[in-house]
Amino acid sequence: MAIQIYGLYKGMASPIAGVALINSLLFGVHGWFMHQIAAPPSTRYAGNWDCITQMYRAGGGLRAFYVGMLPTLWRDTPSYGAYFASYELFAGLLTPPTQPLDEPSAGLLIAGGLAGIVSWISTYPFDVIKTRMQSDLLGARSSMVKTAIDIYRADGLRPFFSGLGATCVRAFPTNAATFYGVSCMRAVLEKHNRAKAIDPAF
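At the far end of the sequence shown sits residue 940, using the working numbering, and the numbering has no gaps.
Some clues are possibly wrong.
[Claimed, not checked] Derived EDC-like pairs: lysine to aspartate or glutamate, alpha-carbon spacing no greater than 20 Å straight-line: (1) 929 with 840; (2) 929 with 841; (3) 884 with 874.
[Unchecked claim] Computed beta-carbon distance windows for the label pairs: (4) 894 with 844: 37 to 45 Å; (5) 920 with 794: 37 to 45 Å; (6) 930 with 839: 18 to 26 Å.
For the record, the hints were derived by calculation from the structure and aren't laboratory data.
Think of the CB as a built atom: it goes at the ideal place given N, C-alpha and C, for glycine as much as any other residue.
Take these sequences, add in the hints, and give me the full structure.
Laid out in structure tokens, this is it:
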């Protein structure tokens with residue numbers, strides 16, 4: 739049984755590392771650009787390349803593009819574990835014993851939505867910390883721990899969960915559709931493979 743469960747997570751390390759790196763760069767750059775778009779005309783950069791150049795110079799080189807990397811890792815790594823583990827749990831609870839867990843059904847649709855909510859709840863405070871770090875253009879918050887302390891001292895625990903409700907509302911349909919779409923495509927491909935095995939000309 740342990741080997742079977744382990745097999746569900748084979749090859750997971752590489753995608754997690756890649757997603758964390760990409761998201762850190764993506765949202766770091768996005769935060770800087772959005773700040774400049776909203777800034778008064780006198781403080782705007784001359785263009786995209788000028789913005790990138792100024793980020794590089796003011797942020798200590800390439801480090802500027804990776805602000806928030808650590809909280810991104812803390813957010814994404816455990817959240818993906820909670821994501822797939824909770825999906826398997828809910829799928830087992832919401833699917834009749836006689837029905838295969840990879841067969842599209844209403845139960846899998848709900849399980850996917852609930853898994854999305856669980857994944858966000860499990861690590862949402864790290865997303866708040868990441869966002870604060872990436873929006874702090876003056877560099878006052880130099881680390882994840884210092885940012886968390888500043889947030890707590892200013893407003894307590896409440897900011898760490900600000901917006902969680904709206905995020906969960908968004909997460910349910912998005913992840914329900916994701917898992918259901920995967921199960922539908924898997925069913926289509928398996929049907930095609932069976933037909934091809936019977937008739938190679940199919």
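Practice task
Sort out whether residue 840 lies within 20 Å of residue 929, counting only the CA atoms.
Solution key: holds (13 Å)
Handout entry: Cβ separation of residue 894 and residue 844, checked against the hinted range 37 to 45 Å
Key = Hint holds: Cβ distance 40 Å, inside 37 to 45 Å.
Practice task
Would you check the hint for residue 884 and residue 874, treating anything up to 20 Å between C-alpha atoms as holding?
Solution key: holds (12 Å)
Problem - Verdict for residue 920, residue 794 (Cβ pair) under range 37 to 45 Å - result: holds (39 Å)
Handout entry: Agreement of residue 929 and residue 841 with the hint, judged by alpha carbon distance not exceeding 20 Å
Key = holds (12 Å)
Handout entry: Cβ distance range 18 to 26 Å for residue 930 and residue 839, holds or violated
Key = Once the Cβ atoms are compared, 20 Å apart, the range 18 to 26 Å for residue 839 and residue 930 holds.
Of the hints listed earlier, there is not a single one the structure fails to meet.
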